[in-house]
Structure formats: C-alpha cells, structure tokens
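Chains A and B, in that order, are what the protein sequence lines are. Take the position in the first sequence, starting the count at 1, then add 225; the result is the number in the numbering used here. Take the position in the second sequence, starting the count at 1, then add 2; the result is the number in the numbering used here.
Just so you know, these hints were derived from the structure itself, not from any lab. Given the structure is predicted, the values throughout are model-derived calculations rather than measurements. Take these hints with a grain of salt, some might be off.
Pair ranges (Cβ atoms, derived) [to be verified]: (1) 312(A) x 48(B): 21 to 29 Å; (2) 569(A) x 141(B): 47 to 55 Å; (3) 98(B) x 391(A): 26 to 34 Å; (4) 282(A) x 98(B): 53 to 61 Å.
Yeah, the Cβ is synthetic: ideal placement off N, Cα and C, and Gly gets one too.
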Amino acid sequence: MSFLTMKTPETTAYAMIDCNNFYASCERAFDPVLIGKPIAILSNNDGCVIARSEEAKQAGVPMGAPEFKYRRFFKEHQIVLRSSNYPLYGDMSNRVMDILRDITHNVEVYSIDEAFAEVSTNIFDDLSEYARFIKNTIFRWTGLPVSVGVATSKTLAKVANQICKRNPIYDGVLNLVNHPDIDSLLKDFPVQKIWGIGNAHTVRLNRYNINTALDLKRTLGNKKWVRKHMAVTGLRTVLELNGISCIHISEVKDARKGIVTSRMFGKPLYDLGDIQEAVATFVSRAAEKLRAQHSVASVISVTLIADKYENLKSRYKFNKGYALKVPTAHTPLLIQFGKALAARAYTHNTKYKKAAVMLTGIVPGNEVQMDLFDPHLYTQQQSRLMNCIDHINSRYGRNKAAFAATGLHKEEDHRNDWTMNQNHLSKRYTTRWDELMVAKTK
Amino acid sequence: MEGIKAYLGSPTVSRTGELELSGKIETGFPSPAADHLEKALSLEDLVVYRPSATFYVRAEGNAMQRAGIHDKDILIVDRSIHPKNGSIVITSVNQEPVIRRFVRRGVRVFLVSDDARHEPIAIYDDTDWIIWGVVTHVIHRYQL
Numbered sequence: 226m227s228f229l230t231m232k233t234p235e236t237t238a239y240a241m242i243d244c245n246n247f248y249a250s251c252e253r254a255f256d257p258v259l260i261g262k263p264i265a266i267l268s269n270n271d272g273c274v275i276a277r278s279e280e281a282k283q284a285g286v287p288m289g290a291p292e293f294k295y296r297r298f299f300k301e302h303q304i305v306l307r308s309s310n311y312p313l314y315g316d317m318s319n320r321v322m323d324i325l326r327d328i329t330h331n332v333e334v335y336s337i338d339e340a341f342a343e344v345s346t347n348i349f350d351d352l353s354e355y356a357r358f359i360k361n362t363i364f365r366w367t368g369l370p371v372s373v374g375v376a377t378s379k380t381l382a383k384v385a386n387q388i389c390k391r392n393p394i395y396d397g398v399l400n401l402v403n404h405p406d407i408d409s410l411l412k413d414f415p416v417q418k419i420w421g422i423g424n425a426h427t428v429r430l431n432r433y434n435i436n437t438a439l440d441l442k443r444t445l446g447n448k449k450w451v452r453k454h455m456a457v458t459g460l461r462t463v464l465e466l467n468g469i470s471c472i473h474i475s476e477v478k479d480a481r482k483g484i485v486t487s488r489m490f491g492k493p494l495y496d497l498g499d500i501q502e503a504v505a506t507f508v509s510r511a512a513e514k515l516r517a518q519h520s521v522a523s524v525i526s527v528t529l530i531a532d533k534y535e536n537l538k539s540r541y542k543f544n545k546g547y548a549l550k551v552p553t554a555h556t557p558l559l560i561q562f563g564k565a566l567a568a569r570a571y572t573h574n575t576k577y578k579k580a581a582v583m584l585t586g587i588v589p590g591n592e593v594q595m596d597l598f599d600p601h602l603y604t605q606q607q608s609r610l611m612n613c614i615d616h617i618n619s620r621y622g623r624n625k626a627a628f629a630a631t632g633l634h635k636e637e638d639h640r641n642d643w644t645m646n647q648n649h650l651s652k653r654y655t656t657r658w659d660e661l662m663v664a665k666t667k
Numbered sequence: 003m004e005g006i007k008a009y010l011g012s013p014t015v016s017r018t019g020e021l022e023l024s025g026k027i028e029t030g031f032p033s034p035a036a037d038h039l040e041k042a043l044s045l046e047d048l049v050v051y052r053p054s055a056t057f058y059v060r061a062e063g064n065a066m067q068r069a070g071i072h073d074k075d076i077l078i079v080d081r082s083i084h085p086k087n088g089s090i091v092i093t094s095v096n097q098e099p100v101i102r103r104f105v106r107r108g109v110r111v112f113l114v115s116d117d118a119r120h121e122p123i124a125i126y127d128d129t130d131w132i133i134w135g136v137v138t139h140v141i142h143r144y145q146l
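Take these sequences, add in the hints, and give me the full structure.
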C-alpha cells in the first residue's frame, strides 16, 4: 500500500489466545522425543490425569482418570506420563504473556494458558494476518502452539478460539470480524459451550429449543424474555454474541480474595504431629504467596479431609478458622494458629488424606490499621525477617530456609510421608541451573 | 596524602579537645556521585536480548570445541533469532537435540559439526527436524 493512500478507519477487536494442551506442550518444548507421542499429565500427587496431549485424547485417556486404575491402559497404549511440573508451566506461561504484552494491547491474563488482548488494524491491515502473527511469534519464541480467535466481543472471540482449535482447516486462527458466514458457524456451536453459559442455563435454554449459539444470538429481539430467564448477565452474553462488546478487558485483576494451599498427603496420615507438620508447611507456602503480593491476611482456616470411602455415613471434612486481631504475614505466628486449628479439627483414629490452609481477609500491607499494643502486630522487624527468608528461598531453592515446625529439615528417611509423590517429574528447565535441557555436540 | 586530606577536610580540634575531621562522610554531605548514579553492569543485559525467547541449555561433548563450546558449558539460546549461514544452532534431528552449525549452500541446508568425525546432516524435504534456537553466547567455567 502506498503511504499516500488514506487508511481505512482503525478497527479494534478482541483476541482470545489459548495455548493448545498447555501442560503437554510445555513438556514437549524441551523434550523433542515427546513430539507426536500421547502424553498424560498427572495431578500434584500423581493421583489422576489433569491434562492430555491431543494423541492421548485420541487414545481414549479420560480427564481425571485415576493413575492406579489406568496403569495397564497407559502401558498398553504407550501413554507417556508426567508429574505436574508447575515451576516449568508457570515460567512458560509468563513468557507467553510477556510476548503478548509486546505485540498486542491491554493483555488480560485469564488463566495460566489463556489471555484476552486487544488487536487493532493500525499494525496489520488485516486482523487475520495479525492473529497469525501472534500465533507464529509465540510458537517460534517458546515452542508452544496457540490458537487465536478474533471478534468484536470477548464472548465471540472465545467462540472463534474454540472453533479454530477444534478444526484443523483454520490452522489455529479464526477472525470473526466482518466474517460473511458467522451465522452458519454459530449454528454449529452448541449453546453450552458459550462462555458464561452454565449447566442451569443450558437446561433452561434447551427447554425453549435454544440449542446453538445462533439460537441464543437471535433471542436479542426479545430482551424481556432474556432478562426474565437469564438475568442481566445473560443479556450481556446475548449482546456479545451479536458482536456488541459488553465485557471489557480488565487489565488489572482484583487483589486475590483468598490464598489456598492444599495437597493430598503422599500416604494417609493418622498422627496429629504428622498432620501439624504438613499444615505448617502449607501455612509457610501460603504466607510466602501472601508476601509475594505485598499483603497481609486477617483470617486463617485449616481443613482436614478424611478418607471419604472409609466411613461413608460420617462427615469427612473438618474445618476450623480463626480471625486475627491484626492482619499479619508473619509465618511463625500463622504456623502457631495453623497448628492449633489442626488440633481442634483433628479426631483420633481417623485416616486423613488431605489438608488445606486458607488465608482470607487479605489487605495490602500498607493499608493495615495499626493497634500498637497488640502482641500480634506484624512489625517492621518481622516483615524484614520474612523478606529475608523469602529471598533466600527464591535464590537457593524452595524451603532452603524453613521453619522447624514443618519437619522439612529432617533427613529424607525420617521425614514424614505427607510430601508429594512425583514419580514422573521432568526437569525444571527454566528455573534451575542444575536441571537445564541438554544438547549433545555430535 | 594531599588528595585524601583535601577530601576529608583539614583536621580541627573540637571543644572537648579531641581531634576531629570536619569533612563528614557517614553523616554529613550527600555523595557527589548521587546525581550521576547509573545502573551497575548486568551480565544478563549484555547477553539476553529477548528474555521471553531466551533459554539456557547445557552442552554435552567436545565436538564443537572450535566454536568455543566445551563439555558442560552453558549456552545462551535465543529462539526468536533466524539462523544465518554459519550460525550455531540447537537443532533437533530425529527428535534428539544437538548443537551444530547451520550452513546454507545454495538452496540446500546442512547441519555441520566442527568435528570432521561427525558427518554433516543434509536436510531434505522429508527430514524430521526443527531449529530449536540460535546460540548467541557460551558460558565456560575454568578450573579454579
């Protein structure tokens, strides 16, 4: 195009960028042997399947498949197993989001592997071309395949993303802005797959013979009906399906409402002391996350979860909470409360499988109302000590400096068995010097 | 001595009779360098062009010694760079990551080792290969 020709007015649209089979793709990016092979990623404790590569889906590995039940199936179908490697997935996610911030506008990180962003025609004349550029850049820079859906509303961008991810003819890119056949695409899109349409809505909509995205789009003529049956949020979805943007990019998310650390024990625990060590470890981790967002918490709660199948009639979840007078991020204090709460939730002779620690009532550290005489006041001195510990751990590895209450200092064989099973763990290629990817000279 | 004296100021006798230096360093005047502070040199700034596309890879073997790559060295690899003729690349041929030189001869591409004992790999249309990234620097640790 000549520089002298007038440019058509700029169009702005939303892009939904979603990494395909994100966890499996991260594993593959550093281990080319896995390319083309079926991969299943196991949950934190190697308990069940939480993610699959396309090949594993094809082979019939169901989501949530318990590892011990499917051991033979995995072997027969040559499924490659991986324990979840969150340090790797987290770093790769950050890279994708950083690239998006470089090449698009107003990136909203929606989850570890999805983001919304604004794209406009001031960089590429054609939005499909822009979407392809996003896809190719992320793939080349990180090795991760993504799908990019573009539309004038976020809901439609998500629809576009899902369509182009499923159907290979789109090659991972679909732009619905001024798309001549948008209605025939929406006609093939089931209503329950639309962003914001849950099970309850689906049942109600199906009763009124609204089964596809196109059916729902056309209810715009009867706003009163929509409002009556689906409330205002439903009306927003209908407007969005018509290409009218109502849900805007929220670039900065609210400070987190609560921090949860929860994990299955490596093997069931009966002893209160063992459980308290686990709880102390979860408290340490939660407090670390709390400090990472420069906040303090005012409520701590501990949940102990017993084996549900051991005694089907009785309760199996036991929760105790405590509201602190002054919000804090001081690990020793939180551990003290955590252990006391665990003791209150605990009953003798019970087989516990899991514990969870939750910190809520979170406020930014600099907005705390000070009660100078409270013995639990989170002092400057404590804050400095905690930051120091966090620095040591971020520099030399997690739990290098830990509190004795966690039991983490014990020798491997004396250590309690609530630590995780991770029998299929890959390397932390991007966060540990001693676990780098190896390339041979030959 | 002259210079130091000038900087510290000349010694004076205080009212208590003790010798004092008038040019206060710890408590008094701001550092004359305060207005000219610059960020200290960072190795990462020097060798990492695009953080989101840069990865560290451990080399194994000595076949690329002529390129300055020794066993156990850490390579800085940028995946966003297109290889040029002669670039050292991490490439994966038949699903194994190897370090080779990217060589273009006309329209053909060869992956060449510095060690003549390893045959060059010719790339054909049906070759199963990828260029994983381009090596931009190497970190070699000497015996200490």
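(message) Are any of the numbered hints broken by this structure? If so, which, sorted upward?
(response) 4
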